[in-house]
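Here is what each chain is made of, one letter per residue.
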Amino acid sequence: MATNSIPASPPEEAKPIESADLVIGILADLSPEAVTTMCQTLGTLPGSLRIAVLQNGDPVNPSPANRSATPQSSTVSFAPSLLAKPGGAGTAPLNMAAAYQSVFAAGEKLGSRACCILASRLESETGRSAYRLAEPLLNGELDLVVPRYARHRFEGLLNSSIVAPLMRALYGKRLSNPMGPDFGVSRRLVQRLVGRERTGRGAANGLHPLASLTPLALCENLHVAELHLGTRSYPPPDWTNTASLVAEILGPVFLDIERNAACWQRMRVSAAVPAIGEPVSVQSDTASLDTSRLVESFALANRELQEIWSLILPPSTLVELRKLSRLRSEEFQMPDDVWVRIVYDFALAHRLRPINRDHLLKSMTPLYLGWVASYAHDLERDNAVPPDQRLERLAGAFEAGKPYFVSRWRWPDRFNP
Amino acid sequence: MAKLIGSAEDPLWYKDAIIYELHVRAFKDSNADGIGDFPGLIEKMDYLEDLGVTCLWLLPFFPSPLKDDGYDISDYMNVHPRYGTTDDFRAFLAAAHERDLQVIIELVVNHTSDQHPWFQAARRAPRDSPERNFYVWSDTEAKYKDARIIFSDAERSNWTWDPVAKQYYWHRFFSHQPDLNYDNPRVVEEVLKVMRYWLDMGVDGLRVDAIPYLVERDGTSCENLPETHEVIKKLRREIDAGYSSRLLLAEANQWPSDVRPYFGDGDQCHMAFHFPLMPRIYMGLRQEDRLPITDIIAQTPDIPSNCQWGLFLRNHDELTLEMVTNDERDYMYIAYSADPRMRINLGIRRRLAPLVDNNRRRIELLNSLLLSFPGTPILYYGDEIGMGDNIYLGDRNGVRTPMQWNADRNAGFSTAVPARLYSPVIMDPVWGYQAINVEAQQGDPSSLLNWMRNMIALRKLFRVFGRGTLKFLDPANRKVLAYLRQYEDETVLCIANLSRFAQPVDLDLAELEGMVPVEMLGYVEFPPIGRQPYRFTLASYSFLWLELQQRTQPAETKMDLAGQASLNAAAGWESIFDGASRQRLEALSLPEYLPKQRWFAGKSRQIKTTRLVDWAVFETSPAALLLLEVEFDSGPADLYLLPLGMSFGDAARELEQSAPGAIIAPVVAAKNSGVLHDAVFSDQTCLELLSLIENDSEFQARHGRIHGLRGSGFRKIQGHADPALTVKRGSAEQSNTSILYGDRFILKLLRRQEPGPNPDAEIGRYLTERVKFDRIPPFAGEIEYQPEADREPFVLGMLQGLVANEGDGWKWTIEELDRYFETCAPQRFPENINAELGDPLRFSELPTLATARDHVGIYLDSAATLGRRTAELHLALASPTDDPAFEPEPMSALDQQTLVADLREHASRVFEMLKEQLPLLPDEAVEMAAAVLSRRTRILDHFEALGPEPLRTRRIRIHGDYHLGQVLKVKTDFVILDFEGEPARPLAQRRVKQCPLKDVAGMLRSFSYAAYSALINFTTRHGGDMARTEPWARLWERSVASEFLRAYRETAHGADFLPPGIDDFRKLLDIFLVDKALYEVRYELNARPAWLRIPLLGIMSLEL
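So the sequence lines, in the order shown, correspond to chains W and Y. Position one of the first sequence corresponds to residue 318 (my numbering), numbered consecutively onward. Position one of the second sequence corresponds to residue 610 (my numbering), numbered consecutively onward.
Keep in mind the hints are simulated off the structure, nothing from the lab. Any given hint could be a false lead.
[Claimed, not checked] Here are the in silico distance ranges between beta carbons for each label pair:
#  : chain 1 : residue 1 : chain 2 : residue 2 : range
1  : Y       : Q1159     : W       : A579      : 23 to 29 Å
2  : W       : R731      : Y       : Q1159     : 28 to 34 Å
3  : W       : A579      : Y       : K1080     : 52 to 58 Å
4  : W       : A579      : Y       : I943      : 42 to 48 Å
5  : W       : A579      : Y       : D1053     : 46 to 52 Å
6  : Y       : D1532     : W       : E440      : 43 to 49 Å
7  : Y       : Q1159     : W       : R698      : 35 to 41 Å
8  : Y       : E1097     : W       : Q508      : 20 to 26 Å
9  : Y       : E1128     : W       : Q508      : 34 to 40 Å
10 : W       : R731      : Y       : R1144     : 54 to 60 Å
[Stated by the list, open to error] Facing chain Y, from chain W, some residues (calculated, C-beta under 8 Å):
#  : residue
11 : M413
12 : N538
13 : A579
14 : R585
15 : A588
16 : P591
17 : P720
18 : S724
19 : D730
Yeah, the Cβ is synthetic: ideal placement off N, Cα and C, and Gly gets one too.
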């Protein structure tokens, strides 16, 4: 195993790492400079910690500046071989799942007190992000640190229109990015996650750590906080090709909902979690969206997918969708409560499997595009509310609709309104 | 040595399990030999997983001559070739575990088959040799003569002569099943080997067959002997030493008290069947009486916490009637087995569905009991689709026929020629596989199978069913079985109607007051539980499962902390009340927090900013008292009292769950994250406030001092109270905040602060300590804040004695009205009464209407009592005194003009407010608001009715905000509360002496308010016609008001605070009625626009 310690041990003196207080998994494509800065910052963590950094590719050579550490400084070593390579065979999410699992497995193996994963590129503070994720975990108070990114209005909408409000309504905590992907995780949570995957049927059955971490922590009543991490760099959204993404993201989320049914049906109100750091605002957010193609996709699906949707959605929702399909593009407006019921009905159908789950999720995509178009129209109005307030309203609709979901879940009779 | 881990993570997995009992032979045949087998069972694992069961119990599948359905085993460590191989079993086990299904198999070790090699060796071995002693031998049949014969239909003795051994051998069951001899240590060792063999393979549990009969002793019944328990303990020790998450399940067909020892001290069997419950469930159903069920549960002893009862409706044997009396057995035979062929031994050999005449509702009812009684439910294969039986087959084979999978040949069970099947499938028109099969029911959304699947899934969501306590309720109607299950924070109320007809039931749920029942299948919220009996109406054979939930905060009180950065509390309170944290608290956190609090009076105004005026930090608890000035975009600033607390770790998380609305902001201190919250939610802080009063102590604020003042009645109220009084927070929504200390005190924290005496404390102290009026809670002390520079003190809180009561008058009245409407609404309103329902004062001078007496009932008496108490209060407040604050004063012309001017001014303001907010009102209130506004001139003119001449009356201190919510129901009487006056008015106004008819008007409006809000609730809930029911509301209101007025006037007759003539009395009363209704309008506009309709309706109904 190649190891590389900062600042004490040069690469040629590397020895296998046998234990670590903190494991950092770098899954993002970071520049060598960013990694160097990160390691330098990590080295300033107090308590003479042993820190193992897992990163694919060539380890970063320590710079001379790193060598002037105090005796209290921590030691940073590289252990890339412990990390599963995201570039291997299989689909991207499965690879990503394997990469997360390998970081957690390394954490278990090395007996670390915490694991941090950096999977996204941040527009600033990348160098300090690992430090900031790790610090609150190491004092033992927290079990999970999830990111809170400053976002442009059309970025991360699959998260903010489905995943975040759904998890908030179900699990009772208001988290902006419950699926990370940057996370700080305590040893206690890692052990529970690894233990659950060992005894359960785990990733082989579609469970994904990205989807499971936050619900697991919340259901186990562990301590969760949000960390303001600044602005994340998203790839430009490709609205014409979102079906696979919808299926890949929502599949594990819905599976986890099935698994945690006894937990989320207990949660009745949502509450905020402690926030660490200062919120960051995006500098300019004037992006606009051509919604005509999104509405066209919706209308086309309304003609083509009726048969599938009728297996999933109740008559009242189907009628609403028909009405929507008759609207002109610029008038298109999907009410939040309709959207919320659609999401809940798809989550339920995912459990009941009236059709193949992959087909089911893909058939949800045009509905999602319809909601995105509505959202875009909302933001463009003269008296438009800011995106955060708009999404907060949506989250409220998810909470208000939860009794509908619970009742459908408990008595999934198709003879319903 | 490391323990072998079982497939279940939780060692108590069996408590939450749903067990499915099946026979491999009967489930699915994979090789067309007519006999079910393991590969066939594996084929059907998806079905079992989909059904939702969590554990499979397999009947014996070992090599056997099969003279007793496999309970005559000839090789314990193998699989009968008919069912497959050991590898097939391993594959089945893996498939089950892959689906998170546990597996229980049989440990039939009381006896073996007479074909077992041990027996064959024993009969040939010399007498008293170890081999011979594997079994129990005797030269005579006289030994153990006190033991009963269990299979009395087939056996005449427990001894059978063996011509080879030339001795009798002992057998408690069939003669081909010789009993093993547990006095021989080698037998125990061999049994342990068998056990280890299967447990090593991964089996999760062992059902120990015929467990009471392991050891025999002369002069006993040879059942349940201490030596038998020693054997079981050995088995258990072996399991505990070498394995984790495994189970021993005792089959002991005994009374519960006799089964109890099989649990030992949690060191024998983990589970045992509850045999006597089964026949009593059927008996209760047939007799439509819960008694047989509650009786047997009452006879069931507690068991160790790691143990569990196994419950079942039916199994592979007969419905055993051993554990019933002779009369009960006769009844059961007649009720459930008309054809003698249905009977065997001491029982009935029928399946569930035929037993209840294939009535779907009865099947569902019985399953609802099975799934909600304390224990682990065990389903018998085929009962989930309502399979029938075949009473023409011998022994108990009629309930062991092949599983009915579909309508194909042999019910889809096997592709063998029908004659080859181990048993004929059921083929009659009602029960046959063409009619009843899995495939058909899977395709039928309303099938029993789908119902069972949903119910199983529902049960699995709630651990309370498997782990919770049971408490039967005792309603008068014995056809209804009602019980509470409770486990940790889960409480479930189960109600079952055992009758074939609809039944009403009133349940006493007072101890759960305030909880909200939520029907669990459809997640439907029911009205909250009150102190009065809770009424249910149950359809025939229906059942309800209701989860009792704490009432959630209304949506608007939920805190939105998302996006709020944490306040820094690194240096304790100083860092909160200073610098950036203070700025954030004043500018962001508090302006967001305050409008969501019920006690905050400025909801209709926009907060501009808040300012911390003064604060005092407690010495011994992490809390502070804060005086907070709130500035609005318009109007004067207000001052509020806000006790602040900081909680971290678990305490903070608990608060987030239990009272999210109390949280003001996240805080961090020394890397601990926590929350800043209302300190009323800290018991420690609440006790500190009490101690402040008790000790007359004081502490320093930044700009003043806070001190406690103990009232003269404190010690008497305190009595010899336990010093650790439990703290509770009052649940009623009101303008202040109440803290309850055990059953002794209530501290009212006054949220909105004004300098000067607080009228509630002032009147409370006066009535308690000076006039000795005892229909109020006794005054016990107060907390004052004395600012610097000799400014007027502020009263922060008042302590009173707690009065045992049945709830406040409002709640009690609403409950009474609910019942009133339930009874009256379906009835046609008597037409001849309408004309008589005019002015209540006039009405009070007439005899009470018979219709009112009949329907309103005892509430009329209560209204009269309340009228008397109100008059007595006024008489007490009008007592001669030298205290200028209480001395009665004559009503002068100026007073009267001022009064009229004030009332007109108030009315004008309310009309303006209503007009401004008209576009924002809820739809249902808009029309009525417009109608009220159209009467504006008439209403304003009405105030002039008093005229310029002063009325001959006196002004006294009055209650000032008198309504049903301000009285407590104490048995058949009332206690009057809260002399604070209308919270919206300035303090000086609230202390002014006034005409006591204002209180009278307040109570009359409250009766009206109650009648109409109950009417709206009733018609909303029942979808009734409001116009049709409204006359009943009017009848109630007018009758109650007139009783109240009659008693008031009689009691206060001659008092100089009342106008002597009826006309003046009426004039004064009318203007106060209008004023009160307008006050209500203003209040609802600010706080609850959805309720606005009620005072508007009240104004419209006034005869102006």
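Comparing the hints with the structure gives:
1. Checked against the hint of 23 to 29 Å, the C-beta distance between Y:Q1159 and W:A579 comes to roughly 18 Å, which is inconsistent with it.
2. The given range of 28 to 34 Å is respected by W:R731 and Y:Q1159, whose C-beta atoms sit roughly 33 Å from each other.
3. Restraint check, W:A579 to Y:K1080: a C-beta distance of roughly 23 Å breaks the suggested window 52 to 58 Å.
4. Look at W:A579 against Y:I943: about 44 Å separates their beta carbons, and that is inside 42 to 48 Å.
5. For the pair W:A579 and Y:D1053, the beta carbons lie near 28 Å from each other, so the given range of 46 to 52 Å is not met.
6. Range check, Y:D1532 to W:E440: Cβ separation about 48 Å, and the 43 to 49 Å hint holds.
7. Under the hint 35 to 41 Å, the C-beta atoms of Y:Q1159 and W:R698, about 40 Å apart, fit the expected range.
8. About 24 Å separates the C-beta atoms of Y:E1097 and W:Q508, a value consistent with the hinted range of 20 to 26 Å.
9. About 39 Å separates the C-beta atoms of Y:E1128 and W:Q508, a value consistent with the hinted range of 34 to 40 Å.
10. A C-beta distance of roughly 33 Å is found between W:R731 and Y:R1144, which places it outside the suggested range of 54 to 60 Å.
11. About 25 Å separates the beta-carbon of W:M413 from the nearest beta-carbon of chain Y, more than 8 Å, and the hint is not met.
12. Below 8 Å, beta-carbon pairs count as interface contacts, and W:N538 has one with chain Y at about 7 Å; its hint therefore holds.
13. Evaluation of the W:A579 hint against chain Y yields a held restraint, the C-beta minimum of about 5 Å falling below 8 Å.
14. Interface restraint check: W:R585 against chain Y, minimum CB-CB distance 5 Å, threshold 8 Å, status holds.
15. Interface restraint check: W:A588 against chain Y, minimum CB-CB distance 4 Å, threshold 8 Å, status holds.
16. A distance limit of 8 Å between C-beta atoms decides the matter here; for W:P591 the minimum to chain Y is near 4 Å, and the interface restraint holds.
17. Annotation: interface hint on W:P720 holds; nearest CB of chain Y at approximately 5 Å, less than 8 Å.
18. The criterion of a C-beta within 8 Å of any C-beta in chain Y is met by W:S724, whose closest approach is roughly 4 Å, and the hint holds.
19. Look at W:D730: its Cβ gets to within about 6 Å of chain Y, closer than 8 Å, so that hint holds up.
In the structure shown, a violation is registered for the earlier hints numbered 1, 3, 5, 10, 11, in ascending order.
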